[in-house]
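S.K.: Read top to bottom, the protein sequences are chains A and B. For the first sequence, the numbering used here gives the first residue as 1, with consecutive numbering after it. For the second sequence, the numbering used here gives the first residue as 1, with consecutive numbering after it.
Honestly, the hints are just simulated from the structure, not real lab data. Mixed in with the good hints, there may be bad ones.
Said to hold, decoys possible - Below 20 Å or equal to it, Euclidean Cα-Cα: the simulated DMTMM-like pairs (lysine to aspartate or glutamate) are:
| id | chain 1 | residue 1 | chain 2 | residue 2 |
| --- | --- | --- | --- | --- |
| 1 | B | 366 | A | 250 |
| 2 | B | 66 | A | 250 |
| 3 | B | 333 | A | 261 |
| 4 | B | 100 | A | 184 |
| 5 | A | 166 | B | 165 |
| 6 | A | 166 | B | 123 |
| 7 | A | 269 | B | 388 |
| 8 | A | 194 | B | 384 |
| 9 | A | 166 | B | 36 |
| 10 | B | 15 | B | 346 |
| 11 | A | 30 | B | 123 |
| 12 | A | 269 | B | 165 |
| 13 | B | 100 | A | 29 |
| 14 | B | 367 | A | 228 |
| 15 | A | 194 | B | 165 |
| 16 | B | 66 | A | 309 |
| 17 | B | 350 | A | 179 |
| 18 | B | 289 | A | 234 |
| 19 | A | 194 | B | 312 |
| 20 | B | 66 | A | 198 |
| 21 | B | 22 | B | 346 |
| 22 | B | 369 | A | 198 |
| 23 | A | 166 | B | 167 |
| 24 | B | 333 | A | 198 |
| 25 | A | 269 | B | 346 |
| 26 | A | 194 | B | 167 |
| 27 | B | 366 | A | 443 |
| 28 | B | 66 | A | 234 |
| 29 | A | 382 | B | 312 |
| 30 | A | 269 | B | 36 |
| 31 | B | 252 | A | 250 |
| 32 | A | 166 | B | 30 |
| 33 | A | 209 | B | 125 |
| 34 | B | 170 | A | 195 |
| 35 | B | 397 | B | 30 |
| 36 | A | 269 | B | 123 |
| 37 | B | 367 | A | 172 |
Okay, here's what each chain looks like letter by letter:
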Amino acid sequence: MAEPAKKQEQEVKMTDEGLEVGASRLTEDKIEKVINQVLKAETGARLKTYVDTCVHCGLCSEACHFYMSNDKDPKWSPVGKVKQTIWEMINKKGKVTPEFIKRASEIASTECNLCRRCLQFCPFGIDIAYLIATVRRICHKLGVTPRYIQDTAHSHSVTMNQMWVKGDEWPDTLQWQEEEARGEFPGLRIPLEKEGADVMYSVIAPEPKFQAQLIYQAAAIMNVAGVDWTMPADMGWDNSDMAMFTGDNEIMGRVKRAHFETAARLRVKRIVMGECGHAFRSVYDTGNRWLGWSRPAIPIVHAIDFYYELLRDNKIPIKEKFKDPVTLHDPCNVIRGGGLMEKSRFVANALCETVVEMHPNREYNYCCAAGGGVINCGPPYKLKRVKGNRVKAEQLMDARARGAKVIISPCHNCHSGLKDIKNYYDIHMDIKFFGDIIYKIMEKPE
Amino acid sequence: MADQNKWDWEIKEKKVPIGEWKEHFEWVEEPYASPDGEKVAAVVNIGEGEFNVCINGETWENPFEKIWYVRFSPDGRLTALVSDTGEWTVAVDGVPWENKFGYVWNTMFGPNGKNIAVAAQQDGEYCMVLNGEPWEEKFQNMTYFAMSQDGTKTAAAVQVEGFGEGEIHKFQQGCFTAAMDGQAWDNRFVNVWNMAISPDNTKLAAEVRVNLYDYTIAVNGVPWEKTFGCVWQPIFNPKSGSVIAPVRVSGKWTLAENGKFLWDGRFFQVWHQMFSPNGEKLAAIVAPKYGRWTVAVNGQPWTATFSDMVTDMVFSQDSSRIAALAKEGEQWKVVADGSVWSNVFDMAWKPAISSNNKYVAAKVEKKGKYTIAVNDRIWSKECEAAWDPIFNSNGDKILLRTVENGQYVRRVLPVTEITG
Ligand code: SF4
Ligand code: SF4
Ligand code: SF4
């Protein structure tokens, strides 16, 4: 396999106000109290079992892209990260320093994607991601969270969306996209607040903010496929959730409540969500449970699953298949977490002439290193992130050597993460969503 | 509610051929029926970038460049959010408010329909607008809108301090508060969410977060002494004026009154608490077990619990009965006083209880067809669309609004025609 070329990028150590200022306000007493409170009141048997069961066999190490990409340096291994954080907190019964918390927060927020690949390899099913998420929860309660992602959690808390999109900006954007799309699809609608529609379509806030064409494309697909759909005009339209990744469970719950209650208010049968991985985890697993819903109160259908249905039922007339050979990225949250691997392949094969598999793939696929909120921690950690995923670069290079020209990635974060990787390692491939490809090849009015 | 006794409860059937409308327009959007059932309206497209509202076959005098959110007010006037030359306002029965704005949204109505409010943005500033009149004070951002029970006052969470992108510590000092009729509280909070105005219009209570971790309720800007792990929307006791809100303690939920625990029970969830009209009963939607949902009245949960959701709780006018919807898997159910109907539906809408307490009715959907069910009996007609049924004041007749074979139908039936 070709060794990917690396761009010469200077490692600039940027300070992170979220960690610095946060840690400067801590006292050891407060740290001890918070750690013990979280361990006692919020974690219980699961954490203890994990800690007691791990035999330090290291079988999980090679699962982690950070470990593999950092020349197998043990401090990057799953257990290495746990040792530097939660185990130390437990062993010392919470008596750790502010400096320790600062480093623990950095490790938990920027050196683990909560991707759960390591879980696939642990003979005891120890969920390292759960342990790392507990560290984030403790750091949240101590007020020591990286600045960029903390800002995003603030946005969620105020606006119930990820990007400070204001109440008027959201419907205004939809109406503008609707108007644009009518130029190409006469009579097209983005039906706002249509009570009793079959489907509520939900997206993440970067779409109205920076990628409104994705809403345009989704509207085109919905219209061509004849779906009875709606979008809410009020809060609850954003399915994303960075509060889940900062350990701010209360805001996570509030955001998810808005999402599900909006769907219930609109009397839709199900929520179809755009191509996003972490949001799926939040609505399908973490957020609903915090609220007391053992499963999503209104069924959630990820875009992969939805496109699968539409293509299986011949609802989208295709002009001709996409010609360039593609490779398929398996986003952790919808593949390992949601089991959509075969449907994803069905969709890829229905749309494209040639699909080149990456290896390993499906539930064993390597994470993009952007997920779990890592990319949302911003520029200070970008270089560490791309360097920490050389194995992904190698996977991409290999797929490219076997002809793949385009990476399909049905997840927003993966998109951004893979883009950074391909730029850093100089890999000439395009990255697309399934929606981009469907829009490109479907039949449109003359 | 507008006076229903003035409605026509005699004529059995009135029809409007809405199916024909599409012959006159480029396209016709989904229809809305007036509360009294006399009118049916839809947004219609009359050419590129030109819209109108068609109401009982007649269009408004003037078209607009954009129209959305067509809604009838409780007194039967038709409102819509309309735009011309890039400015937005509310049109009531086709007449736009004189004041225009950069954007308007979230129409709200007072109970008798006289008061109509929206949220508005003008030059990047935000305020509420009541009957066309904007608040004098404008804010950098505004969320979570509320209207008083009589419809004469509006309130919202407002941003009163600026902070730049990534200024997390400034944000955490508190940049938000609540405002009623534009008058903002002096106290600042990290967050302000859902709020309620007291029945006498003198108090405003809101969910607040005082730092990143501590939640409580603030009344007229003064937070309760006690803080909690989380809180949900407060309501006022209609008799005593006290404030009641769900609060989270040690991972479980209960109700608190003026900051003190009100219910002994602890639940996996408590929300949508509501007083009976006479103020004697306090009910809430609760999860007594993880993943099981029901209604609790004065802290006592019903024995029947449901797996996915309980919503749309409603009291009878005399406060003696409660109905709600429950969802289990794909099935929606109607539950009255803890007893579940045997019929299940693909979707159900908020139940209505007749004033004589004899009947519970709901709009329901099965296999894409809509109908009405009363006391677990399903009406024989399958419709293309339907609106919530309304009982007359005696409770012996029911007003049905439906679309059948392309015709909008207003129907008055003796309730026994459905119940048998
Ligand atoms: S990044 Fe993924 S594989 Fe690595 S430790 Fe975290 S969860 Fe495990
Ligand atoms: S594979 Fe499991 S038992 Fe072995 S070191 Fe990893 S977490 Fe511990
Ligand atoms: S961003 Fe995508 S690949 Fe990366 S963790 Fe999320 S789902 Fe996984």
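S.K.: All hints are to be evaluated individually against the structure, with a verdict given for each.
M.R.: Hint by hint, here is what the structure shows:
1. Between residue 366 of chain B and residue 250 of chain A, the direct Cα distance comes to roughly 37 Å. Violation of the 20 Å bound is thereby established for this hinted pair.
2. For the given pair, residue 66 of chain B sits about 39 Å from residue 250 of chain A by alpha-carbon distance, which is inconsistent with the 20 Å threshold.
3. Distance check on the hinted pair: residue 333 of chain B and residue 261 of chain A sit about 17 Å apart at the alpha-carbon level, within 20 Å; holds.
4. Annotation: proposed proximity of residue 100 of chain B to residue 184 of chain A is violated, straight-line Cα distance about 31 Å (limit 20 Å).
5. With a C-alpha separation of about 14 Å, the suggested pairing of residue 166 of chain A with residue 165 of chain B holds against the 20 Å cut-off.
6. For the hint pairing residue 166 of chain A with residue 123 of chain B, the CA-to-CA distance comes to about 13 Å; that is within 20 Å, so the pair holds.
7. Annotation: proposed proximity of residue 269 of chain A to residue 388 of chain B holds, straight-line Cα distance about 18 Å (limit 20 Å).
8. Taking the CA atoms of residue 194 of chain A and residue 384 of chain B, the gap is near 15 Å; set against the 20 Å cutoff, the hint holds.
9. For the hint linking residue 166 of chain A to residue 36 of chain B, the alpha-carbon distance of about 35 Å lies beyond 20 Å, and the restraint is violated.
10. Only pairs whose Cα atoms come within 20 Å are accepted, and residue 15 of chain B paired with residue 346 of chain B is rejected, the gap being roughly 27 Å.
11. The suggested pairing of residue 30 of chain A with residue 123 of chain B is violated, with an alpha-carbon distance near 45 Å, which exceeds 20 Å.
12. Straight-line distance between C-alpha atoms of residue 269 of chain A and residue 165 of chain B comes to about 38 Å, which puts the hinted pair past the 20 Å bound.
13. Between residue 100 of chain B and residue 29 of chain A the alpha-carbon distance is near 57 Å, which puts this suggested pair outside the 20 Å criterion.
14. Taking the CA atoms of residue 367 of chain B and residue 228 of chain A, the gap is near 14 Å; set against the 20 Å cutoff, the hint holds.
15. About 34 Å separates the Cα atoms of residue 194 of chain A and residue 165 of chain B, which puts this hinted pair outside 20 Å; it is violated.
16. Straight-line distance between C-alpha atoms of residue 66 of chain B and residue 309 of chain A comes to about 34 Å, which puts the hinted pair past the 20 Å bound.
17. Distance hint between residue 350 of chain B and residue 179 of chain A is unfulfilled; the C-alpha atoms sit about 34 Å from each other, more than 20 Å.
18. About 31 Å separates the Cα atoms of residue 289 of chain B and residue 234 of chain A, which puts this hinted pair outside 20 Å; it is violated.
19. Straight-line distance between C-alpha atoms of residue 194 of chain A and residue 312 of chain B comes to about 18 Å, which keeps the hinted pair within the 20 Å bound.
20. Between residue 66 of chain B and residue 198 of chain A the alpha-carbon distance is near 25 Å, which puts this suggested pair outside the 20 Å criterion.
21. For the proposed pair residue 22 of chain B and residue 346 of chain B, the alpha carbon gap of about 29 Å is over 20 Å, so the pair is violated.
22. The hinted pair formed by residue 369 of chain B and residue 198 of chain A meets the criterion: a straight-line CA distance of about 12 Å does not exceed 20 Å.
23. This hinted pair checks out: residue 166 of chain A and residue 167 of chain B have alpha carbons roughly 18 Å apart, not beyond 20 Å.
24. Taking the CA atoms of residue 333 of chain B and residue 198 of chain A, the gap is about 18 Å. The hint holds against a cut of 20 Å.
25. Proximity of residue 269 of chain A to residue 346 of chain B is assessed by CA-CA distance (about 8 Å); at most 20 Å being required, the pair is judged to hold.
26. Annotation: proposed proximity of residue 194 of chain A to residue 167 of chain B is violated, straight-line Cα distance about 38 Å (limit 20 Å).
27. At most 20 Å may separate the alpha-carbon atoms for a hinted pair to count; residue 366 of chain B and residue 443 of chain A exceed this at roughly 33 Å.
28. Proximity of residue 66 of chain B to residue 234 of chain A is assessed by CA-CA distance (about 18 Å); at most 20 Å being required, the pair is judged to hold.
29. At most 20 Å may separate the alpha-carbon atoms for a hinted pair to count; residue 382 of chain A and residue 312 of chain B exceed this at roughly 47 Å.
30. Of the supplied pair hints, the one linking residue 269 of chain A and residue 36 of chain B is violated, its CA atoms being roughly 28 Å apart against a limit of 20 Å.
31. For a cut-off of 20 Å, the pair hint linking residue 252 of chain B to residue 250 of chain A stands: about 12 Å separates their Cα positions.
32. This hinted pair does not check out: residue 166 of chain A and residue 30 of chain B have alpha carbons roughly 27 Å apart, beyond 20 Å.
33. Under the criterion of a C-alpha separation no larger than 20 Å, the hint pairing residue 209 of chain A with residue 125 of chain B is consistent with the structure, at around 19 Å.
34. Our distance criterion of 20 Å between C-alpha atoms is broken by residue 170 of chain B and residue 195 of chain A, whose separation comes to about 40 Å.
35. At roughly 27 Å between alpha-carbon atoms, residue 397 of chain B and residue 30 of chain B are farther apart than 20 Å, so this suggested pair is violated.
36. Restraint check for residue 269 of chain A and residue 123 of chain B: the C-alpha separation of about 38 Å exceeds 20 Å, so the hint is violated.
37. Between residue 367 of chain B and residue 172 of chain A the CA atoms are separated by roughly 34 Å; this puts the pair beyond 20 Å, and the hint is violated.
Figure legend: structure checked against the earlier numbered hints; hints not met, in rising order: 1, 2, 4, 9, 10, 11, 12, 13, 15, 16, 17, 18, 20, 21, 26, 27, 29, 30, 32, 34, 35, 36 and 37.
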